[in-house]
Each structure stands twice: as structure tokens, then as C-alpha cells.
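Here are the chains, one letter per residue:
Number of protein chains: 2
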Amino acid sequence: MPELRQDPVTKRWVVVAKERAKRPDDFVKRDGGSSPRVCPFEYGNESMTPPETLAFRPGELPPDSPDWTIRVVPNKFPVFTPENHDETINGLYLSRKAYGAHEVIIHGPQHELSLATYPTHQVAEVLRAYKLRYNYHKNQPYARYIQIIINHGKSAGASLEHSHSQLFVAPVLPELPAAQLHGAAEYYNENGHCIYCKIISQELAINERVVEKTDNFLAFVPFAAKLPFETWIVPLRHRPKFEDISNDEIEELAFIFGNTLRRFYNGLNDPPYNMYLHTSPPGYDPTDTYHWHMSIIPKLTIPAGFELGTGMWIDITIPEAAAKFLRNAAP
Amino acid sequence: MPELRQDPVTKRWVVVAKERAKRPDDFVKRDGGSSPRVCPFEYGNESMTPPETLAFRPGELPPDSPDWTIRVVPNKFPVFTPENHDETINGLYLSRKAYGAHEVIIHGPQHELSLATYPTHQVAEVLRAYKLRYNYHKNQPYARYIQIIINHGKSAGASLEHSHSQLFVAPVLPELPAAQLHGAAEYYNENGHCIYCKIISQELAINERVVEKTDNFLAFVPFAAKLPFETWIVPLRHRPKFEDISNDEIEELAFIFGNTLRRFYNGLNDPPYNMYLHTSPPGYDPTDTYHWHMSIIPKLTIPAGFELGTGMWIDITIPEAAAKFLRNAAP
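Protein chains in written order, with the numbering used here: chain A, 1 to 331; chain B, 1 to 331.
The hints are simulated quantities; they were obtained by calculation from the structure and are not laboratory data.
Nothing here was measured: the structure is a model prediction, and the numbers come from that model.
Treat the hints with care, as some may be off.
Since the list gives no way to pick one copy over another, a pair counts as held whenever it fits inside one copy or between any two copies.
[What the hints assert, rightly or not] Result set (BS3-like, lysine-lysine): computed pairs, CA atoms no more than 25 Å apart in a straight line:
id	residue 1	residue 2
1	K154	K226
2	K226	K11
3	K97	K226
4	K324	K97
5	K18	K226
6	K18	K76
7	K18	K324
8	K226	K76
9	K198	K241
10	K198	K11
Please build the complete structure, drawing on both the sequences and the hints.
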């Protein structure tokens, strides 16, 4: 099963996912394309995935039958598994089993559609599945941190073309959310309010990086966007936990999230992209300090040696210009 | 000129490199390849680059003439420039001019060769250029941190095919080296010796992840390798600063570095790769705590939404298996 190994210097965890591991010689670059495969995420191929953990279907159909609208299944090559959490220490080196969970949320049955082309009510179903599965996992003993993501398109890391999200449950708090929680808590201690609420009011006042605003949500390009066209979607009012989202808010989020993806789709010609959802970790108490947000990043450049060596990002668009371009793109 | 913007939550800096910035619509995905270009790094095209800052040439030839063996030039689209360091504060948002330097080290005149196929003495010349330019920049007022890297191959982020390195001089200490320096100093304070020296002795004792050992250097796959086949090269004895390397050590480093690249070249069929060199920052005083090292990472997988959202890496090879594979590959 997969393993977590701790970097002895930085104390950061890396996942060594043996279950996904090819043999070393499988990496040898070869000519010729891969042969076409049967898609395990389509109607009729339900037996190709592990048994579902959630599905939306009309009526009284049995699990793992066709005619679902959303289907959630364990990842066949999981990065985290709920099996055990043994720890091993060897001198400087600490490792532990990668205790947790890893699921796939299939966005719908139609292979040729994606969240930019599905209707809004289908996007809302996906978000509803996020909420349900988040609420399930957050109470499990392995849940220290839950990361929901989308990889859309091969060059954004999608190994299957059929539109889907992934939900990872990790037994440790990873480096980036830890840094955000730390920074947000520090700001709160000094200023008595949420830094993300402050960012939102400053973005609305400056009005240079706003892409779209609805009654309850804001889509904007962050001041220090890491990569070209990075766009955040945040609730306008203070909301520490994504999983507390109401049904009405889900409809509205589906609308602005779908619009943002359509701006990418229309403006940048269906680019590959990554999405990640940051929210307060399970059991995280000082909920005044954090504020959930989604980040959507089209995959347009290749982070390379500088980014690997420094952890510092280079954005070759100006965030204000990127926001203007997206505002003018058809939603 | 390029700008540094600070993320208001994590306090990490991002470079917004306007000089490299295409207009937003240049990102729109189009069909068809790019037209062939003239390579600015070949003999006779010296006028296509900014004037050289260093070159190795036999005899008394003038600057920017052909017949060089190594040539260093400012990057034409710099991420950092030595112009000014104005700071701007706007509410929560802090930005400053990206004061610093950004150079290209051209590995040799032959377009079809790379560090894996050049002879060892040419690799040594490249390392000698690293040392000379490092020593030049470390005394400049903008030098808070110097990052030397290689991007080899298009999918590893190389925008020009002709084999070259890049040297970045930043006016801030980036996140990852800061975390390493912090972790190494903490270990030193608790244990009274360098953590990297300890890692080296443990790797030699375990002898599972060693790729090659010479009198003064070790090539090994780290215990918590971030990505498949990540390989480190470190001096066996305590060496905080790369720029203090002796001429003899340069020859030996060129040998083991070239061997490592040839193991990649032969074993993995000339994969794209990134290299970065970590060394004590200019003026960094507690030099007992840090230990310079090179990391070489073939670009075989695509870090995606999980890595972007968490800062946590997934390695789908087992480090011990990767080391065995590389040991058995022809150097």
C-alpha cells in the first residue's frame, strides 16, 4: 500500500504511491501512441470501477447499475487507503502507511461533456457530491486534511479523459494549507478579522481583478496569482467550511463556477486546467480565521527548475490583464 | 520591468514577469506547430543575445565573437533585473520591482549536444562558469538568493532547445530554500552537526539508494524523493557553499554529474529533466548547518491539482527501485 515519507530536513511529507507505481522501465520514452482504451466511467462499464460509495440515480435502481447522474467510486490506484497507519523509523527517516482515502467523482455519464459544457444543474450535482463525501470523510479517523481537485485534460495531469474530480483524504496536514492556515491565524490575531474577508473587500474596492460577482460569490484573479489566469471563487461572506454550504448557495456556486470554466473554454479554447478547493481541515477549531475558496488554474505554462528549486512561482501574465481578458470572454 | 508580489496570506513572493508576458490572447490554443527559428546560441549568432558577461575562448578574441567554448549572457526576457527595487504597498498588497539578475549559461557551441553527450571536460567548464558567475553575483546589492538551474527538453520547460543553464539572482529568500535552511539549522541546534552529513552517512550505511560514489561525491536517490528518479549529488564532506569548490573537485563533480545524466540518457532514453543547485545564500553565516547539493529530476509525470493544492508531492516510483535502475543503467 502507498506510503508517506517525511523529508528529514523540511519535515514535509511525500507520498510514495506504490499502487500507482509503474516498474522503472515503464518510464523509458518510446515512440508510438498508446492504444485506445475502454472508458471505465461510462454507462455499462460500472463493473470496471471499485463499487460506488455514492451515486445519484432516479428511482430505485441498485448500486453500480447504469442510469446514474453522478457516481463516486474509490480510486482504483489510490494514493491514500483506509487500511492501517503503521509508522516506521529508520535513523533520520520516518515513514508511515498512507492511511486515508482517495475517491473519484464522475461528473456525469456523457464522455464528450465537461463541467464547462454540462448544464448548471449538473455542475450543482457535482458540488452536492463534494459536500456529501466531504461530510462522510471528515468524521473518519484518518481525516486530518481533505483535498478536492479537478485535473482536466492530459497536460493538466488527467489520466482519464472522462470529466471527473478527485477527493483525497490525508492523515497529515500538507505544507501549503498549513502555511495558509498559519498566515490567516496570524492576521486574525493581529487584526481581529478574517484576512480573506479583507481581501474580498479590497478586491471589490479596487475592482481591477474581478471576473464576476453574484449575490454570494466572487470570482477574481488574485493579486499574487501563481500562474497565468489563476482564478479564485470565494463566498463573499465569511464561510470557513465548504461543507456547510446551503442548497441555494450550491446552485449559485454552480452558476459562477460554470461561468468561470466557460470563460476559460471560450476565451482560451478549452484549455487543460486544475482546480483545487481549500477549506478548513476537519476538526479545525478557530474557524473565524479561515475562509474557503476554489482556485482554478489553466495549464498554459510549464513550471520548471526555478519553481522546483525555490518553491516560487513565475506568472507571465499580469493579473489585472488576465482578469480583464476573462471578464470579456463569454461565460 | 518584472515585479515581485507577495501573497498576503502566506507571505510568499510570486514573480510577475511582464517582460516574458505574452498578451493574454497569445495563450489561446491554436492548431499547427510553430515555425522553425534560428538558434541564438550558435556560433555566428552572438549578436542575437545581449552582450556576454563571461566567455571562455582560446587566445585574444574580442567579446561576442565566435570560437567560444562557454558563453554567459543576460537572459533576453529576464525574471529579475538589476534596475531598481521600489516597493509599493496598497492596503494588504505588497509588491516590489524584481531587483536581481537572470543569466543564461550556454553549455557549448554544438546545438545537437547536451551535458549527457558532451565530454567531461566540457561539463567541468560549465561548472566553472557556475562558480565564476556565482562569485560575481553574490557580492551585488540585489543578491539575497542565487538559484542555478537547468531545464532540458521542451516538456521540462526549456524554451530553447540548445543546451543551457540559467542563473537567477533574487532579492528575497524563496520559500523552499528558507524551509531547508530552517530545518537544517534546527537539526544543528539540537544535534551539533549538519543534517546532510548525517543523511550521507546513513545512505552509505543502508546502501539501498546509492547510485554512484566517488572520492568526494555521492549520487543517490533521496529517501523522500519528490518525483520519480530524483537524484541528488552531494559532496561527501561538509561543504556549505558550492562556490568554494576547488578545481579538482570541479573535475570530479563533472564526472559524477555527467555519469548521472548519462544514466538518465541511456536508461530512460534522453528524458527531459530539471536540475537545481541548492547552496548557502550569499552572506549566510551559520555555515555549519547547510550543505550544498544538486537535485536532478527527469520530467516523467505531471504534477497536478493535488500537488498545486497541497504542496505535497506524489512519487509513483519507489526510491530504492529507482536507485537500482539507475545504478544498472550505463553511465
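Hint by hint, here is what the structure shows:
1. K154 x K226: both (21 Å within a copy, 21 Å between copies)
2. K226 x K11: both (24 Å within a copy, 13 Å between copies)
3. K97 x K226: Close across copies (17 Å), not inside one copy (32 Å); limit 25 Å.
4. K324 x K97: between (46 Å within a copy, 23 Å between copies)
5. K18 x K226: Only across copies: K18 and K226 sit 14 Å apart there, 30 Å inside one copy, limit 25 Å.
6. K18 x K76: within (13 Å within a copy, 43 Å between copies)
7. K18 x K324: between (44 Å within a copy, 16 Å between copies)
8. K226 x K76: Between. Shortest inter-copy distance 22 Å satisfies the 25 Å Cα cut-off; intra-copy 31 Å does not.
9. K198 x K241: within (17 Å within a copy, 42 Å between copies)
10. K198 x K11: between (32 Å within a copy, 15 Å between copies)
Violated hints for the displayed structure: none, as all numbered hints are satisfied.
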